[in-house]
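Residue numbers (my numbering), protein chains in the order written: chain A, 59 to 171; chain B, 865 to 1016.
None of these hints come from the bench; they were simulated from the model. All C-beta atoms, glycine included, are put in the ideal place defined by N, C-alpha and C. Worth double-checking, as some hints may not be accurate.
Which bits of chain A does chain B cover? Going by a derived footprint, with three or more residues having C-beta under 8 Å, they are [said to hold, decoys possible]: (1) 130-137; (2) 146-157.
Straight-line alpha carbon distances no greater than 20 Å define the calculated DMTMM-like cross-link-like pairs of lysine to aspartate or glutamate that follow [claimed, not checked]: (3) B/LYS975 - A/GLU161; (4) A/LYS94 - B/ASP983; (5) B/LYS967 - A/GLU68; (6) A/LYS94 - A/ASP118; (7) B/LYS1005 - A/GLU161; (8) B/LYS967 - B/GLU993; (9) A/LYS115 - A/GLU126; (10) B/LYS1005 - A/GLU68; (11) B/LYS967 - B/ASP983; (12) B/LYS975 - A/GLU68; (13) B/LYS967 - A/GLU161; (14) B/LYS1005 - A/GLU126.
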Amino acid sequence: MCNSELRSIEKNLDKLRAAGIRPVAISIDTPEESRKLSQQMGYTFTILSDSNAEVIKRYDLVHAGAGENGRDIARPAEFLVDTSGTVRWVNLTENYTVRARPEQILNAANSLK
Amino acid sequence: MNVRRFNWPLWVGFLLTFATSLSYFFVFVWFPVTRDFPWANLLLFLVAAVLVVAGIRRGFASERPHPARSKIVTSIVAALSFGVIALFIFSIFIAARWLPASKGAPQVGQKAPEFSLQDTSGKQVSLTELLSAPVNGSAPKTVLLVFYRGYW
């Protein structure tokens, strides 16, 4: 599911960048795990590692015990943040099989002034 | 209907339920139109269910060579088939909704909490840097933060 979402971002990277959007993916995976994923899938956008879920906690996105061996992981979520650091669009899915689509993100970004 | 022969609708229906469940995770999940709502899988399950029901009628027909054995086998295979369908529907429509409410997540108009995390090369990257470093030669308008479940 997540990889499906990341792949759709990679496929639409040119369009997103043309709209001035920098995609950044964040999960509890270690930098090595994310590097392997990037290489395997051909991802070229930034992937950050929040191994101890500190940032995920700060954003109140912890899905407690939902990971491997009961690890805390992030629930899926997308945010558009403008250059002043202000959140301009949020997508908190209610079903983890349903994710923001690139068109939705582009529409949201284009509707900002 | 020649009920003495191999009960193919039952077995094909049974295998189709498994194939359909797996197809979601290996094929349909890659396309948002079949991922966000698994209509392709529901259609395939419908075909499988029709086959299994035909298989039940055939398996319970009195002209079967071994009626008692046929009824037992048919019942087990049909129960497993419908179990697979039920499990899939439960996972996608019910269990997939068991997500935290995230009431404290940053809302529109609020500041996104600052952070600094390692990228895939081990370099520390902060939100401030992401917001200022150029994209395609000019400053980005927005940063799209995508939190995902991970654990590959």
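The hints, checked one at a time:
Remark: the segment 130-137 of chain A is confirmed as covered by chain B, as 7 of its residues place a Cβ nearer than 8 Å to a Cβ of that chain, reaching the required three. Coverage of the segment 146-157 of chain A by chain B holds. Counting CB-CB distances below 8 Å, 11 residues qualify, and the rule asks for three or more. With a C-alpha separation of about 24 Å, the suggested pairing of B/LYS975 with A/GLU161 is violated against the 20 Å cut-off. For the hint pairing A/LYS94 with B/ASP983, the CA-to-CA distance comes to about 12 Å; that is within 20 Å, so the pair holds.
Restraint check: the Cα-Cα separation between B/LYS967 and A/GLU68 comes to about 29 Å, which exceeds 20 Å; the hinted pair is violated. Only pairs whose Cα atoms come within 20 Å are accepted, and A/LYS94 paired with A/ASP118 is rejected, the gap being roughly 27 Å. Between the alpha carbons of B/LYS1005 and A/GLU161 the distance comes to roughly 17 Å, so the proposed pair stays at or under 20 Å and holds. In summary, the hint linking B/LYS967 to B/GLU993 is not supported, as the alpha carbons are separated by about 27 Å, beyond the 20 Å threshold.
Annotation: proposed proximity of A/LYS115 to A/GLU126 holds, straight-line Cα distance about 18 Å (limit 20 Å). For the given pair, B/LYS1005 sits about 18 Å from A/GLU68 by alpha-carbon distance, which is consistent with the 20 Å threshold. Of the supplied pair hints, the one linking B/LYS967 and B/ASP983 is violated, its CA atoms being roughly 28 Å apart against a limit of 20 Å. This hinted pair does not check out: B/LYS975 and A/GLU68 have alpha carbons roughly 27 Å apart, beyond 20 Å.
About 26 Å separates the Cα atoms of B/LYS967 and A/GLU161, which puts this hinted pair outside 20 Å; it is violated. This hinted pair does not check out: B/LYS1005 and A/GLU126 have alpha carbons roughly 36 Å apart, beyond 20 Å.
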